[in-house]
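Let's have the full structure, built from the sequences with the hints guiding it.
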Amino acid sequence: MRNLLANKVFILILCTLLIIAVIIFGLIPGSPVENITTPVSVVLDPAQKLVQGTGSKISDFFAAVSDGIAIRQENADLKEQVAQLKYEVQQGEEASIRWQELKDAFFIKDSFENYDIHGSSILTREADEWFSVIRIDIGRSNGIVITGTNSYAVVDAQMNLVGRIFSADPASSKVLPILHEGFTVNAKVNTVNGAIVTVHGEVELKEGGFCKVDHIPDQIDLQVGDELVTSGDGGFFPAGIPVGVIVSVDNSSALNRYATLKPYVDVSSLKDVFVMVPKDQASVAAAITPTPAP
Amino acid sequence: MQVTFPQALSFRGQTADFMMVFVILTGYLFGTMDGAVIGFSMGFLRDMLASTTLGIGMLIFLYIGIFSSLLFSKKFHSRATLGFVQVILITFVYKTAGHLLFYFIPLLTAGDHVYLPVSAVIFNSILPQMIINLAVSLPLILLLSYLGPYRRGEKRIADEDKMASEEVWRIR
Chain A
1 MRNLLANKVF ILILCTLLII AVIIFGLIPG SPVENITTPV SVVLDPAQKL VQGTGSKISD
61 FFAAVSDGIA IRQENADLKE QVAQLKYEVQ QGEEASIRWQ ELKDAFFIKD SFENYDIHGS
121 SILTREADEW FSVIRIDIGR SNGIVITGTN SYAVVDAQMN LVGRIFSADP ASSKVLPILH
181 EGFTVNAKVN TVNGAIVTVH GEVELKEGGF CKVDHIPDQI DLQVGDELVT SGDGGFFPAG
241 IPVGVIVSVD NSSALNRYAT LKPYVDVSSL KDVFVMVPKD QASVAAAITP TPAP
Chain B
295 MQVTFPQALS FRGQTADFMM VFVILTGYLF GTMDGAVIGF SMGFLRDMLA STTLGIGMLI
355 FLYIGIFSSL LFSKKFHSRA TLGFVQVILI TFVYKTAGHL LFYFIPLLTA GDHVYLPVSA
415 VIFNSILPQM IINLAVSLPL ILLLSYLGPY RRGEKRIADE DKMASEEVWR IR
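Residue numbers (this note's numbering), protein chains in the order written: chain A, 1 to 294; chain B, 295 to 466.
If a hint is listed, it holds; no wrong ones were tucked in.
Covered stretches of chain B (in silico footprint by chain A; criterion: 3 or more residues with CB under 8 Å from a CB of chain A, positions within the stretch not fixed):
id: 1; segment: 308-319
id: 2; segment: 340-352
id: 3; segment: 389-402
id: 4; segment: 412-426
Partner residues are not named here, just some residues of chain A that face chain B (Cβ under 8 Å, in silico):
id: 5; residue: Cys15
id: 6; residue: Ser41
id: 7; residue: Phe166
Counterexamples of contact, computed for chain A against chain B with all Cβ distances above 12 Å:
id: 8; residue: Glu80
id: 9; residue: Gly92
id: 10; residue: Glu93
id: 11; residue: Thr147
id: 12; residue: Asn160
id: 13; residue: Ala195
id: 14; residue: Gly225
id: 15; residue: Asn251
It is worth saying that the hints were derived from the structure and are not from the lab.
Glycine is no exception: its CB is placed at the ideal position from the N, C-alpha and C atoms.
Structure (structure tokens):
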């Protein structure tokens, strides 16, 4: 036995088998293997936030210097716009009151009223073909709890779909971005009774920043320029989150009709994202099921 | 830095892979054991930072560390500058393996599958990655050679004395 442990080939084989075991157990939803990274992330996450914050401050400083002249001109233009917007705000306030009255009268629910929105910064981005998820700086301590059967939608400041939470550590979470080949979401054409389709990442489209759209119903003709939003089917994503716009449609094979979608979000330029955490599962289920008008 | 500010050191969409270059050069300069330990550690970090599956990075980087120390003869390793050749070679193998994997797995599981054109794979992925990795290997090789954990030549001499190099790996 001692001879065996002195043999480096044996140790290497042992290590390989152990790592393969970790990989296999890690693939089981809810496996405790996911918690192996927790102690390291407790130490690493604060350090990484510090690095990320310092880097951002340095880049902001240089950006502030170089953008100074442009900002002065922009400021002058904005002053003019403010006057115009003040008038529009007054109009908007009036419309808002009317909307609230109609909402109460027809029992209309806000799409996202049952969700808490947690803001977070991106800590790390995808590295290469092998490693392609992004990490954000909120985790289990912020109520992001992944059990293997649930997930949370991640959106940008304009509420466009960025991806979904894949796993969570105490102070950080991994996000599967919309372009990732493992990402899938049910979407609908953003019209009344719009067709339901499936949007997912594809390796060959990822480099160009596109997604594939398939499972297009036979009787539906998708058009270039159609906007897709989340359908709410499946329960991970609330209905109505903008996903992207159709840029090409291929109907050459009746059995395999597909389209290409350009997501609204540009992950490479994002700094901050927002995680939609349901206030409670029962209320989310109620929100996903449309309330019939009386 | 690699995953926090990927745009800062990228070339044609490919980000400099500090972690991998560090593992390659550690294996190359300091031997099998150091290469394996650093490879395993870097792989764990990589899994934690950017992987969907824990273990893939550990496995890949462990083997990169070991492979870097065993590739070519020990005489080759006595010249630090030839570490660049090692970086180019292993980057090529790593990127090619990644593309082959992404080509064959969907092909085997889904049947009909379209992948990136070969020219795009070569000119937009493999070549830029080799170039950017080569660029970052210069400061890293200097850091490891002059500010590394061992004085120059010390580790190599110690290794040669202790174990007649690759013979340890031969199964008797």
